[in-house]
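The listed protein sequences derive, respectively, from chains A and B. Numbers given in the working numbering equal positions in the first sequence, counted from 1, plus 19. Numbers given in the working numbering equal positions in the second sequence, counted from 1, plus 22.
Be a bit skeptical, because a hint or two may be false.
[Stated by the list, open to error] Okay, derived cross-link-like pairs now, EDC-like style, lysine to aspartate or glutamate, Cα gap no bigger than 20 Å in a straight line:
| no. | chain 1 | residue 1 | chain 2 | residue 2 |
| --- | --- | --- | --- | --- |
| 1 | B | Lys76 | A | Glu322 |
| 2 | A | Lys97 | B | Asp143 |
| 3 | A | Lys399 | B | Glu225 |
| 4 | B | Lys231 | A | Asp424 |
| 5 | B | Lys61 | A | Asp119 |
| 6 | A | Lys75 | B | Glu225 |
| 7 | A | Lys73 | B | Glu69 |
| 8 | A | Lys117 | B | Asp143 |
| 9 | A | Lys419 | B | Glu225 |
| 10 | B | Lys61 | A | Asp424 |
| 11 | B | Lys147 | A | Glu125 |
| 12 | B | Lys74 | A | Asp424 |
| 13 | A | Lys96 | B | Asp143 |
| 14 | B | Lys61 | A | Glu322 |
[Unchecked claim] From chain B, some residues computed to sit far from chain A (all C-beta separations above 10 Å):
| no. | residue |
| --- | --- |
| 15 | Lys166 |
| 16 | Phe194 |
| 17 | Thr218 |
In case anyone wonders, no lab produced these hints; they're calculated from the structure. No experiment lies behind these values; they were computed from the predicted model shown. Glycine included, C-beta positions come from ideal geometry on N, C-alpha and C.
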Amino acid sequence: MRKVKILTIALAIILLTLVAFGGIYIQTQNRMENKVKGYDLGREINSQRVAELKVKTSDNEEEISQEDKLKNYETVKKTIENRLDNLGATDYTISLNKNDGTIRVELPENDYTDMYIYYLTADSTIQIIDKDSKDILIDKDMIKGAKYTYNVNASGSYQVYEEIELTDEGQAKLNEILNEYALLQTEIDGIEEESEASTESTGTESTGTENTEAESTTTENTGTESTGEENSEQTKKVANLTIDETAYEVSKIEKNKITIKIGTETSNSTYVNNYISQAAEIAMLQDSGKMPTSYELYSNRYEYSNITETQLMYFAIAALAVLLVVLIVYCIIYKVSGILASISFIGFLAIYSLVLRYANVMISVEGLCAIIIIILINLKFNQELLQKTKKLNLLNEAMKITYKDIYLKLIPVIILTLVACLTKWDNLSSFGMVMFWGLVLIALYNFIVTRTFLKLKKNK
Amino acid sequence: MKKKNLIILAIMIVIIIIGIIITSIFGLNKELRFKDSQKIDIYVGQEIDLNKIKNIANEVLGSPNMVQIIEIYGDMVTIRANSISTEQKDSIVNKVKEIYEFDQTAEETDIETVPATRIRDMFKKYILPFGIAELIILIYMTIKYYKNGIFTVILNTVLVPVICELVLISLFAITRIPIGIYTPSLILIVFACAITYVVSKMEKQQNAKA
């Protein structure tokens, strides 16, 4: 009966191994398709997107010294890094050609890659300009950052706002221009209303044939007829706050902060979401830093890894060969127990490979290194277990001591694993996840399978 | 400290010193993908056998070189080396033309410069997680093995992994093995081994005291 049990477990392990390493092929539309999930490979092993950004040629390029150019390139590189971080792209590599400013960005290929690439060169220039002459009154260098908020009123309508922070220099300049310009929407509306009213009155007073001429003269007349306060209001010019040349309504001006309205007040969720996305985009681009030099996307290519499948296969075969030698040594030293532990070990590898695939663990180079560490830990676990079982002749006691010895020593590694699991960076989180599932599986699998095997052998 | 351990420590310190000297003079050697290099892109317009192109690259450019298939349909190839001369470029394109039929000529093929990735950019993302992990490990070790002497525990927990990592990097510098995508994995393995060694040592000391 025990022989049958051992044989059944061994056959189950063989089946699992065949499924894990061979796959399950089912005919689908005249071709055989493997129904077992594939590995999710990291960008160094699988493929990545490579974007090359080049400096946009401008007329005033020669005016900038080489030192300043280099400084600007570095600033742009830093800004791009910040943008990618803010967008949640954690796995990327950026390099800068200091001679011509070319920036190369390597990104993993996923659903967000195109969005990341769009934001590498996206611009969001906030300026305050004279409405009529288009003179820049406050330029982008005087903007410190931006954040968005929204208000909901009793009727459930949303109004999205962008709070634009100014530098001290920007605030000083704002104070200066506010004496001469109207920036607040309420102020602008007042001026426009007055202007309209005066135009209307001019219309009634004028004879009609000399309309244009009369308009200008009556405007002057109205000005002289107004009170002193009205006069100062009317002489104020209008300034607009623009983002990428689109004017926005300014709803509030506070110290070092200008609040603008994004879109109109609405309860339509699609519009609200669009306005929030727009506001969030402006905030992200402003908070990521300045782009002192304009860049354009020169190339955007999908790049396969130079690590080929053949190379990975050779590596796996070499590792398996070494493993086989170790397992043979176990079989020689520990005889039947060694053989059973070796069969159990193969089952562990099969289940581990399935767990990694179905738990959606990404395998990066660091993940491959974690697989090696897990194999080594399991080998050590098996060796200690076999040794202690042989010595103590008490399986449960040997099991307990082995667990205590191995996992106690591994606590710092477990801490490193958990920290790595929580990081957002793909390479390190791959290491953490592979280690995590490996450590959990070693504990469970050896308790269920290896222990059962050794128990059956011992009873026999 | 035992004589054997002292000898090991002395060897490690010598390796680190040599490593520092070599790094300060020559710097660390980087893998081609992280170095300032040059590349040519060839649009073949059909499925490419990477090995055939790799053989051509090896023959014309020598080592190190990097051949990668690019674009989603895998019909373009990029060949990268430390430097590519016009003659080498012409030779590669003509040799590839002998295998595949395509329109792109050697004259139409540009040699482009690929900027280097700084070593600090390669490793900076490891610093914070490693720092947090090391801090938590330090707290755990101090609480668990305080009987061995807090100073000894802290010294071992901090110094052993640091020395081991320095030895590893020094070995990279001395042997001129390129720093590349495999280096962080080796650093992780060395860290895991070093910290496990410290735990074993502390455990032994605690058991001996008990």
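Exercise. Output the numbers, in ascending order, of every earlier hint that fails for this structure.
Key: Of the numbered hints given earlier, those the structure breaks are 6, 7, 10, 12, 15 and 17, listed in rising order.
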